[in-house]
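Asks: Read off the chains here:
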Amino acid sequence: MSHPDRESIGSGATLGPARAFLEGGHALAEAAIRAGCRFYCGYPMTPSTEVLEYMAKRMPEVGGVCINVEAEIEGINMVWGAAGAGVRAMIASTTNGMSLMQESLAEMVLGRIPAVVVNMGRAQGDYNQCTRSGGHGSHRMIVLAPGSAQEAVETAYRAFHLAEKWRHPVLIYGDFMLSHTSETVTFAPPPDTVEPLPEKTWATTGARGRKPRLLTSLGMRIEGEPAGGGGIGPGEHRTDTTAPMREAVKRHLEIARAETRVETAMLDDAELVVTAFGILGRFAKYAARLAREEGMRVGYVRPYTLVPFPYATFAEIGARGIPVAVFENNAGQMVQDVRLGVEGRAKVDFIGGISMDGSGFGVGPNVDALHILEKIREVYPQRRAA
Amino acid sequence: MAKAVGTVHIDAERCKGCELCIPVCPPRVLEMSVEVNAIGFRYPILHDGCTGCELCAEICPDYCFEVFREVKAAPRPSNPASEVHA
Amino acid sequence: MSSTHVEQSGTIAAPDVKAGLEKVFTRSPLLGTDTHSLCPGCGEPNAVRVLMENIEEMGERENTVCVLGIGCYTAFAALMDLDTQQAMHGRAPAQATGIKRVLPDRLVFTLQGDGDMITEGIQEVIHAAARGEKITAICLNNAAFGETGGHMTATSVIGQRTKSTLEGRDPARHGYPIRLPEMLTGFEGVAYLARGSVHTPVAVKKTKKLFRAALETQKRGLGFSLVEVLTMCPTGWFVTPAEGPKFQEERLVPVFRVGEIKRPKELEV
Chain A
220 MSHPDRESIG SGATLGPARA FLEGGHALAE AAIRAGCRFY CGYPMTPSTE
270 VLEYMAKRMP EVGGVCINVE AEIEGINMVW GAAGAGVRAM IASTTNGMSL
320 MQESLAEMVL GRIPAVVVNM GRAQGDYNQC TRSGGHGSHR MIVLAPGSAQ
370 EAVETAYRAF HLAEKWRHPV LIYGDFMLSH TSETVTFAPP PDTVEPLPEK
420 TWATTGARGR KPRLLTSLGM RIEGEPAGGG GIGPGEHRTD TTAPMREAVK
470 RHLEIARAET RVETAMLDDA ELVVTAFGIL GRFAKYAARL AREEGMRVGY
520 VRPYTLVPFP YATFAEIGAR GIPVAVFENN AGQMVQDVRL GVEGRAKVDF
570 IGGISMDGSG FGVGPNVDAL HILEKIREVY PQRRAA
Chain B
2 MAKAVGTVHI DAERCKGCEL CIPVCPPRVL EMSVEVNAIG FRYPILHDGC
52 TGCELCAEIC PDYCFEVFRE VKAAPRPSNP ASEVHA
Chain C
38 MSSTHVEQSG TIAAPDVKAG LEKVFTRSPL LGTDTHSLCP GCGEPNAVRV
88 LMENIEEMGE RENTVCVLGI GCYTAFAALM DLDTQQAMHG RAPAQATGIK
138 RVLPDRLVFT LQGDGDMITE GIQEVIHAAA RGEKITAICL NNAAFGETGG
188 HMTATSVIGQ RTKSTLEGRD PARHGYPIRL PEMLTGFEGV AYLARGSVHT
238 PVAVKKTKKL FRAALETQKR GLGFSLVEVL TMCPTGWFVT PAEGPKFQEE
288 RLVPVFRVGE IKRPKELEV
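Protein chains in written order, with the working numbering: chain A, 220 to 605; chain B, 2 to 87; chain C, 38 to 306.
Quick caveat, the hints were computed from the structure, so don't treat them as lab data.
Each residue gets a CB set at the ideal place from its N, CA and C atoms; glycine is no exception.
Fair warning: there could be bad hints in the mix.
Claimed, not checked - Computed list of chain C residues with no C-beta within reach of chain A, every gap over 10 angstroms:
{"hint": "1", "residue": "Gly-169"}
{"hint": "2", "residue": "Val-194"}
{"hint": "3", "residue": "Leu-203"}
{"hint": "4", "residue": "Glu-204"}
{"hint": "5", "residue": "Gly-205"}
{"hint": "6", "residue": "Lys-245"}
{"hint": "7", "residue": "Thr-277"}
{"hint": "8", "residue": "Val-295"}
To be verified - Which residues of chain B face chain C? A few of them, derived with a C-beta cut under 10 angstroms, are:
{"hint": "9", "residue": "Pro-28"}
{"hint": "10", "residue": "Glu-59"}
{"hint": "11", "residue": "Val-72"}
Work the whole structure out from these sequences, hints included.
Replies: Set out below in structure tokens:
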């Protein structure tokens, strides 16, 4: 990934096999490198630790930078600096570590810093935190929830692409199971990431032969820089802190129109829809198939973009009056977005719950297709008498 | 040794009337005005005797001063035998 | 006394600039042309001016990326003719690390206040120093949170009255001020440490030299450099602008020793 006006770090060739058998965290890390990521920060925290370990070995091989930071807050701000300097930069953290980073995540939306942030979370309890702006304010990061190691690979390429296409930070939300499950993956940029990207005319690389650039989330403008139309003259107020906020909200609507992605199956004749996100989607989908074998007409929806959320898919389901059963590993978070989506026109049941092992890191007994099948039987609508 | 001759240009409209320049001027040739500028502050006025020492410019937080000083004569060569006549 | 007149542009000049006078001082173009909104008698603009003079004299304008923290000096982000990133409160050394690691040949400095660097962000600056990041961290120390109206920071001095220490900073309740450059002296990755002041013209000129040494330290890749500069804050100190330098000299300078604290041997004396 060359950059026009800097001495390049990371100009080392990206060697490696096209296919490999890797755990999800490693697969995502390798894909990030193949996508041109050359700056990584991490702080060891289960279950994102392995991303840091992989990067610590691999980044130097491609001439990139990997820093084991002393705190997540430092890490996210280093990523801010590196991404602002025009280099693809990423940090992976977990749950509590994400909480520490919230201020900068929110401000990076306002400052339009195209970094990639990964939450390999504990259970799925960070859904609200990930999707409700990642910090203060009304604006949101783009949030992608891969459901397999292969999808994590595609998501890494896609995350950097979307981040630079929209100049907007992107969050990849995985979990313990995704991070630690090994699968065969193929490294290749997905077809939707090959379109050319805009030039980084905002990157602070040193003002060589040009006017200076100011990267800020505070709505400050330098002389001559237009804000919502006109430039400013001497003595005029240089700061409109609300301008980046309004722009972020507007951008979010445009992103929603263009980038919403969802996996659906067996919806045509469905009498109940089961929905889940992330790797738990595979359990829910399998349970839906088992239900079909028992004669229940169960459909399946797996939101891939949690922000923008596929409200339209659920609006259609709501319009058809089909009940929805939401399975997630938390006390009920995505279910709220599902309720918003169906707009009160269909019944929504929460069939998930907090299910972790005693350590608080891994998954518990609910994450099982037969368990989900049992819950489906409980909520499946009774057939009307003939 | 004769005192240097100098002067300053003062951008009165930048001044915020902090008066830091007044006491640092060695010949004490700066005096605050009676009138105020467009943003309501009094500003320094220059009297005769400026030596172009730059101390006012060094202390001014609003960069109001440009300082001028006489051009020094060319230095004498140390060995008169190698003196080049113009 | 000769009379002076106000020219139409708002400039007061001696009636004529005599032949034989050359301009010996003008503000650096890196400061931009517009006025700043900082208080009358604020010391921060003096520090920023001599910093810009160094960058201009070193010819580094096109090679510099700076990171500004949050404080009154943040206004300079919109004025300086340099590529600039804004950081969150306290975070500039981490952000500067990200920039310097990916653009190692650039001159990267932070500009922060004592509230930003020594209070909110002490972890970031300590770790950047410990890692020996080849950045220059600059702290404008006015012993107060100026932008919020004058509140206690980690460098407010004992007895100093602020809006959060109304009867004066009391060690029993509010602890003691932190001397940051001294704290970092033993770090192997730290190459240059100094403290300057801007309460007199001579002090301003000396601060310019300290900045130069710090920036040279970075240019030569010798390690982390930091310059703390005592700056007047009459608003935060509840004194008149004209009283600022005296307050600084009597209350701050005895607590925060001015001078070089650590200097790499590779820098010529």
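Asks: Would you mind marking each hint as holding or not holding in the structure?
Replies: How the hints compare with the structure:
Listed as a non-interface residue, Gly-169/C keeps its Cβ farther than 10 angstroms from every Cβ of chain A; the least gap is roughly 13 angstroms. At roughly 28 angstroms from the closest C-beta of chain A, the C-beta of Val-194/C stays outside 10 angstroms, upholding its exclusion from the interface. Taking the minimum C-beta to C-beta distance to chain A, about 29 angstroms, the non-interface status of Leu-203/C holds against the 10 angstroms cut. The non-interface label for Glu-204/C is consistent with chain A: the shortest C-beta to C-beta separation is roughly 33 angstroms, beyond 10 angstroms.
Once the 10 angstroms rule is applied to beta carbons, Gly-205/C is consistent with being away from chain A; the minimum gap is 32 angstroms. Non-interface call for Lys-245/C relative to chain A: holds, since the shortest CB-CB distance, roughly 22 angstroms, exceeds 10 angstroms. Consistency note on Thr-277/C: stated as away from chain A, and its beta-carbon is indeed over 10 angstroms from all of that chain's, at 25 angstroms minimum. Listed as outside the interface, Val-295/C is consistent with that label: its C-beta sits roughly 30 angstroms from the nearest C-beta of chain A, beyond the 10 angstroms cut-off.
Taking 10 angstroms as the C-beta cut-off, the interface hint given for Pro-28/B is violated, the closest approach to chain C being about 12 angstroms. A least Cβ separation of about 4 angstroms between Glu-59/B and chain C falls short of the 10 angstroms threshold, and the interface hint therefore holds. Proximity of Val-72/B to chain C holds as hinted, the smallest CB-CB distance being about 5 angstroms (cut-off 10 angstroms).
Figure legend: structure checked against the earlier numbered hints; the only hint not met is number 9.
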